[in-house]
Amino acid sequence: MEKIVVNILDPIAYLLFAVALFFFMWGLTVFIWKADQDEGRTTGKRHMLWGIVGMFIIVSVQGIIYFIRATVFSL
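Counting from 22, one number per residue, gives the positions in the sequence shown under my numbering.
Warning: the hint list may mix true and false statements.
Stated by the list, open to error - If you anchor each label on the Cβ, the simulated ranges turn out as follows:
1) Val27 <-> Phe77: 18 to 24 Å
2) Ile33 <-> Ile73: 16 to 22 Å
3) Arg67 <-> Val93: 34 to 40 Å
4) Ser81 <-> Asn28: 28 to 34 Å
5) Gly61 <-> Val26: 16 to 22 Å
6) Ile29 <-> Ala56: 40 to 46 Å
7) Phe94 <-> Asp57: 53 to 59 Å
8) Gly61 <-> Ile33: 28 to 34 Å
9) Lys66 <-> Leu37: 19 to 25 Å
10) Leu42 <-> Ile89: 22 to 28 Å
11) Ile85 <-> Lys24: 16 to 22 Å
If you're looking for bench data, these hints aren't it; they were derived computationally from the structure. What you are looking at is a predicted structure, and each value in this text was computed from that prediction instead of being measured. Where is the CB? At the ideal position from N, CA and C, for every residue including glycine.
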């Protein structure tokens, strides 16, 4: 189980976190570039919000996986 977490789940989590971070940064860029347009600001805010939500979910799932791994598989 340890090898599955280290070799498969960790790289997937890192990749998804990078995608969520990119999504947040893209939203910030759109928010700044189109600050004079209501639609641009709304789109940028939405992208930033979903980027933060994605990063939170990924970090939470990683924490749960590490908690389970530390408690169950350390017996």
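Hints not upheld, ascending by number: Violated: hints 4 and 5.
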